[in-house]
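A.B. asks: Listed here are the chains, written in short residue letters.
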Amino acid sequence: MCQVEEDYHEPLQRADPLSVSKKCVKCKEGTAAVVIRAGDAFCRVCFKEYFIHKFRAMLGKNRVIFPGEKVLLAVSGGASSCSMLRQVQEGLSQNAHKKLRFSPGIVFIDEGGAVGQAVEDRRRAAAELQAVFTATGLPFVTVPLEEVLDLPSSVLAAASLVASGTGAYKAAVGDFVRSGAAGCRTSLDPERRAPADVQESRTRSLQQLIGSAKTLTAREDLLSTLRQHLLVHTARSEGYSKVMLGDNCTRLAIKLLTSISLGRGAQLAQDTGFSDSRYGDILLVRPMRDYSAKEIAYYNRLFGVPSVFIPGLETKATDKSSIQRLTESFVTKLQADFPSTVSTIYRTSEKLQTACRSSSTADLCDRCLLCMCALDTAAENASAFKATLISEQLSQAQAAGDTSVVTPAPKEHESAAAIGKRCTSGAEDCGNAASGEGCCSSAKGAESSDLRSLLCYSCQLTIRDMSSVERLPHYILSEAQRRQRRSQMREEIGEFLLDAAD
Amino acid sequence: MSLGGAELLFNGVKKHHVDLPSQSEPWDVKQLLVWIQRNLLRERPELFVQGDSVRPGILVLINDADWELMGELDYQLQDQDNVVFISTLHGG
Numbered sequence: 001m002c003q004v005e006e007d008y009h010e011p012l013q014r015a016d017p018l019s020v021s022k023k024c025v026k027c028k029e030g031t032a033a034v035v036i037r038a039g040d041a042f043c044r045v046c047f048k049e050y051f052i053h054k055f056r057a058m059l060g061k062n063r064v065i066f067p068g069e070k071v072l073l074a075v076s077g078g079a080s081s082c083s084m085l086r087q088v089q090e091g092l093s094q095n096a097h098k099k100l101r102f103s104p105g106i107v108f109i110d111e112g113g114a115v116g117q118a119v120e121d122r123r124r125a126a127a128e129l130q131a132v133f134t135a136t137g138l139p140f141v142t143v144p145l146e147e148v149l150d151l152p153s154s155v156l157a158a159a160s161l162v163a164s165g166t167g168a169y170k171a172a173v174g175d176f177v178r179s180g181a182a183g184c185r186t187s188l189d190p191e192r193r194a195p196a197d198v199q200e201s202r203t204r205s206l207q208q209l210i211g212s213a214k215t216l217t218a219r220e221d222l223l224s225t226l227r228q229h230l231l232v233h234t235a236r237s238e239g240y241s242k243v244m245l246g247d248n249c250t251r252l253a254i255k256l257l258t259s260i261s262l263g264r265g266a267q268l269a270q271d272t273g274f275s276d277s278r279y280g281d282i283l284l285v286r287p288m289r290d291y292s293a294k295e296i297a298y299y300n301r302l303f304g305v306p307s308v309f310i311p312g313l314e315t316k317a318t319d320k321s322s323i324q325r326l327t328e329s330f331v332t333k334l335q336a337d338f339p340s341t342v343s344t345i346y347r348t349s350e351k352l353q354t355a356c357r358s359s360s361t362a363d364l365c366d367r368c369l370l371c372m373c374a375l376d377t378a379a380e381n382a383s384a385f386k387a388t389l390i391s392e393q394l395s396q397a398q399a400a401g402d403t404s405v406v407t408p409a410p411k412e413h414e415s416a417a418a419i420g421k422r423c424t425s426g427a428e429d430c431g432n433a434a435s436g437e438g439c440c441s442s443a444k445g446a447e448s449s450d451l452r453s454l455l456c457y458s459c460q461l462t463i464r465d466m467s468s469v470e471r472l473p474h475y476i477l478s479e480a481q482r483r484q485r486r487s488q489m490r491e492e493i494g495e496f497l498l499d500a501a502d
Numbered sequence: 001m002s003l004g005g006a007e008l009l010f011n012g013v014k015k016h017h018v019d020l021p022s023q024s025e026p027w028d029v030k031q032l033l034v035w036i037q038r039n040l041l042r043e044r045p046e047l048f049v050q051g052d053s054v055r056p057g058i059l060v061l062i063n064d065a066d067w068e069l070m071g072e073l074d075y076q077l078q079d080q081d082n083v084v085f086i087s088t089l090h091g092g
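Protein chains in written order, with UniProt numbering: chain A, 1 to 502; chain B, 1 to 92.
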């Protein structure tokens, strides 16, 4: 029962404070050092074993990484990704039969420019991380986020989609080895793109791009989309076929609830699952998804895993500044009193799967321009989405009816006509210039509604929060135009195309 | 010591050697938090303490062991104890 006051005076069911037994529950000998989950106290040795075993089990259970394959580790400097790096290192150095057998490389995306970090701070953080990477002996590259402005639009063109067959692991390994992809090494040259060389004008463009999103929620969303595009591009250009991300259980639980709040329910399985195949040829993998933030922090501290803290967009932000922050504070507070919160959310997320609508027609035009997931905006007659659209139009018609509309300039006419044509719910008549969403700022309305038809629901919300879509990087805008031209063309020649059924 | 971004609230200083003023009863962690808030915390106290305790999401290790095993706020500090605060939160 939800009450307004949050003080419950009845005793809550919480884990008993462990004061009596301080022995490890597993080996029963060592003194306990860490409390995992609710009530299990482990000693250092057992904890380390447990930690390492979980990593291997995660990779072993979801067998998607082939021996000899090139895997890119996305390290942000934070605790989880540095821990992942250490686990990969340890796994590679073990004795032969249990050794991890893929070839990793490291990428660090320097986001200091987007956050407004000073150049010396960026340089210092990058240098610290580079020292960490050099010590591992793995090839690494530092990529400043400003490079996202120069990406080719082929980033958004998903390469041929990989067929997913559950029993096909061995066959897939066979194919992989035969194709000769194993064993070719391109050395990542770390000096190639040092963050210190980033031109200030590009940093400023990036800041303007991020700044054009008015809410912190939209900014975070935009930043993570750009970061992901850059990661995929780096993987493709350096010849990697898989990318390992360091999202931990706590972060994914928060992401799950945040995604639901942002309208990304249809993409939950891909956003929070172990493997994410939306980019086709590049598979995103999350091996740390079974570790809570506490376990990772303890491991790093007890076993000396170096990490570098780099402030992000949400550092020192208040609880209510964005949906992501609000959800994070909700989950962490709940977790403090009910330690099974995060693991319950995690177990629920494990059961999610993407509903494969006809994957044979997974055309490019059916994918969101920004997040590359299948579009979820088919507004069927009785759907909730249709209801949202209708109420949006009604409320705008209402608002426009109250204010006296000045004679529209010719520009407004054009854009209103364009909006009328692109209206997603065809039944409603919104050809009226006053009720089109571009009545206040016509140019913006035309552009953003142009993009809307190419985006999934939550990306539409993010774009709506942006003051101007012109600031989006060139590759996004040109890909948008390309898709629009294709869909126009398809409409025109539609009747001449043979249906598959014929 | 504060890690994981918590040092931002302490002027970026990660390690603090602290001599607590002597008093009749031994210091416990609850009092230590009050002392830290008054003397070391430079800004945004709500990002570090909440009520009597630390904000949820901040881990406390006493001599490299979980403070839950030591009695949390009631643990009595001893000489040369090493207390580490690790922030696991995104925002701060």
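Hint data in this document are derived by calculation from the structure and do not stem from the laboratory. Given the structure is predicted, the values throughout are model-derived calculations rather than measurements. No residue lacks a Cβ here, since even glycine has one placed at the ideal position from N, Cα and C. Worth double-checking, as some hints may not be accurate.
Some residues of chain A that are not near chain B, with every Cβ distance over 10 Å (derived) [as the list claims (entries may be wrong)]:
hint : residue
1    : Arg301
2    : Gln398
3    : Met489
Result set (BS3-like, lysine-lysine): computed pairs, CA atoms no more than 25 Å apart in a straight line [what the hints assert, rightly or not]:
hint : chain 1 : residue 1 : chain 2 : residue 2
4    : A       : Lys316    : B       : Lys30
5    : B       : Lys30     : A       : Lys22
6    : A       : Lys242    : B       : Lys30
7    : B       : Lys15     : A       : Lys316
8    : B       : Lys30     : A       : Lys333
A.B. asks: All hints, please: hold or fail.
C.D. replies: These are the hints, each one checked on the structure:
For Arg301(A), the condition that its CB be more than 10 Å from all CB atoms of chain B is violated, with the nearest at approximately 6 Å. For Gln398(A), the shortest C-beta to C-beta distance to chain B comes to about 38 Å, beyond the 10 Å cut-off, and the non-interface label holds. For Met489(A), the condition that its CB be more than 10 Å from all CB atoms of chain B holds, with the nearest at approximately 44 Å. With a C-alpha separation of about 24 Å, the suggested pairing of Lys316(A) with Lys30(B) holds against the 25 Å cut-off.
The straight-line distance between the Cα atoms of Lys30(B) and Lys22(A) is roughly 22 Å, inside the 25 Å bound, and the hint therefore holds. Under the criterion of a C-alpha separation no larger than 25 Å, the hint pairing Lys242(A) with Lys30(B) is inconsistent with the structure, at around 47 Å. Between Lys15(B) and Lys316(A) the CA atoms are separated by roughly 20 Å; this keeps the pair inside 25 Å, and the hint holds. Of the pairs offered as hints, the one joining Lys30(B) and Lys333(A) holds, with about 19 Å between alpha carbons and a cut-off of 25 Å not exceeded.
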